[in-house]
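Given the sequences, and given the hints that come with them, work out the whole structure.
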Amino acid sequence: AQTVTQSQPEMSVQEAETVTLSCTYDTSESDYYLFWYKQPPSRQMILVIRQEAYKQQNATENRFSVNFQKAAKSFSLKISDSQLGDAAMYFCAYISSGTYKYIFGTGTRLKVLA
Amino acid sequence: NAGVTQTPKFRILKIGQSMTLQCTQDMNHNYMYWYRQDPGMGLKLIYYSVGAGITDKGEVPNGYNVSRSTTEDFPLRLELAAPSQTSVYFCASSPQGAFNSPLHFGNGTRLTVT
Numbered sequence: 053a054q055t056v057t058q059s060q061p062e063m064s065v066q067e068a069e070t071v072t073l074s075c076t077y078d079t080s081e082s083d084y085y086l087f088w089y090k091q092p093p094s095r096q097m098i099l100v101i102r103q104e105a106y107k108q109q110n111a112t113e114n115r116f117s118v119n120f121q122k123a124a125k126s127f128s129l130k131i132s133d134s135q136l137g138d139a140a141m142y143f144c145a146y147i148s149s150g151t152y153k154y155i156f157g158t159g160t161r162l163k164v165l166a
Numbered sequence: 006n007a008g009v010t011q012t013p014k015f016r017i018l019k020i021g022q023s024m025t026l027q028c029t030q031d032m033n034h035n036y037m038y039w040y041r042q043d044p045g046m047g048l049k050l051i052y053y054s055v056g057a058g059i060t061d062k063g064e065v066p067n068g069y070n071v072s073r074s075t076t077e078d079f080p081l082r083l084e085l086a087a088p089s090q091t092s093v094y095f096c097a098s099s100p101q102g103a104f105n106s107p108l109h110f111g112n113g114t115r116l117t118v119t
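In the order they appear, the protein sequences are chains A and B.
Position one of the first sequence corresponds to residue 53 (the working numbering), numbered consecutively onward.
Position one of the second sequence corresponds to residue 6 (the working numbering), numbered consecutively onward.
These are computed hints drawn from the structure, not numbers from a lab.
Computed from a predicted structure; not experimentally measured.
Misleading hints may appear alongside valid ones.
Just so you have them, the derived chain A footprint on chain B, three or more residues with Cβ under 8 Å [said to hold, decoys possible]: (1) 19–32; (2) 78–90.
Restricting the straight-line Cα-Cα distance to at most 25 Å, the calculated cross-link-like pairs of lysine to aspartate or glutamate (DMTMM-like) are [said to hold, decoys possible]: (3) A/Lys153 / B/Asp78; (4) A/Lys153 / B/Asp61; (5) B/Lys49 / A/Glu62; (6) B/Lys49 / A/Asp133; (7) A/Lys122 / A/Glu67; (8) A/Lys163 / B/Glu77; (9) B/Lys49 / A/Asp78; (10) A/Lys163 / A/Asp133.
Positions of the beta carbon are idealized from the N, C-alpha and C atoms, including for glycine.
What follows is the structure in structure tokens.
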């Protein structure tokens with residue numbers, strides 16, 4: 053069965069610094085997508101970034117980028133120049149082409165220190 | 006477009022009561038999902054639907070029921086509420102045939118069963 057693991061329940065970063073959130077997944081599929089979602093205190097789920105498994109190039113969205121290591125089944129999120137508004141829960145998610153089900157990790161709470 | 010709309014935002018139930026969590030989307034998405042979010046547990050799939058008239062169980066369906074009579078609506082029914090159903094519930098949708106599409110989430114319903 054596919055699983056998604058986020059081993060860091062909580063992380064802290066100083067404002068303007070860089071932080072990396074970890075995510076690993078287990079799958080035997082070759083065609084799949086990975087996502088990072090942000091959940092601020094408002095509870096809204098916001099897509100941060102997504103990565104296609106067949107693309108070797110790491111996805112980037114402004115200050116957010118991923119380090120996708122397909123062989124290691126690792127999908128970490130790097131946040132550069134951290135801002136107070138980045139404080140939130142971050143969820144890693146996976147879906148393969150053979151299913152309609154998105155699988156989520158348990159989340160990492162990011163605190164940004166002024 | 007309103008996107009995915011969930012009602013109510015908050016609800017307190019007594020043990021044994023029943024209620025329906027409403028979810029509607031105006032994006033003509035075929036795929037719809039119900040998740041529950043418990044602290045430290047991430048998002049767990051309760052039920053999902055790939056189109057009107059078609060529903061299927063997710064990871065944690067016990068104590069819940071769903072129906073999908075239209076493309077727009079996907080209500081979640083709780084029968085005989087139990088304290089274990091205290092959680093935050095999210096409805097989400099995605100377009101048909103686009104497994105790589107991110108989920109569009111509602112703003113969640115916080116349910117407390119006492």
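Consistency of the hints with the structure:
Counting residues of the stretch 19–32 of chain B whose CB lies closer than 8 Å to any CB of chain A gives 0, which falls below the minimum of 3, so the coverage claim is violated. Chain A is given as covering the stretch 78–90 of chain B, and this is violated because 0 residues of the stretch bring a CB closer than 8 Å to a CB of that chain, at least three being needed. Restraint check: the Cα-Cα separation between A/Lys153 and B/Asp78 comes to about 19 Å, which is no more than 25 Å; the hinted pair holds. Among the hinted pairs, A/Lys153 with B/Asp61 is consistent with the structure: their alpha-carbon atoms are about 11 Å apart, no more than 25 Å.
A C-alpha spacing of about 20 Å is found between B/Lys49 and A/Glu62, which places the hinted pair at or below 25 Å, so the restraint holds. Using a Cα cut-off of 25 Å, the hinted pair B/Lys49 and A/Asp133 is violated, with the two alpha carbons roughly 32 Å apart. About 30 Å separates the Cα atoms of A/Lys122 and A/Glu67, which puts this hinted pair outside 25 Å; it is violated. With a C-alpha separation of about 37 Å, the suggested pairing of A/Lys163 with B/Glu77 is violated against the 25 Å cut-off.
Between the alpha carbons of B/Lys49 and A/Asp78 the distance comes to roughly 17 Å, so the proposed pair stays at or under 25 Å and holds. Annotation: proposed proximity of A/Lys163 to A/Asp133 holds, straight-line Cα distance about 14 Å (limit 25 Å).
The structure does not agree with the numbered hints 1, 2, 6, 7, 8 stated previously, though it agrees with the rest.
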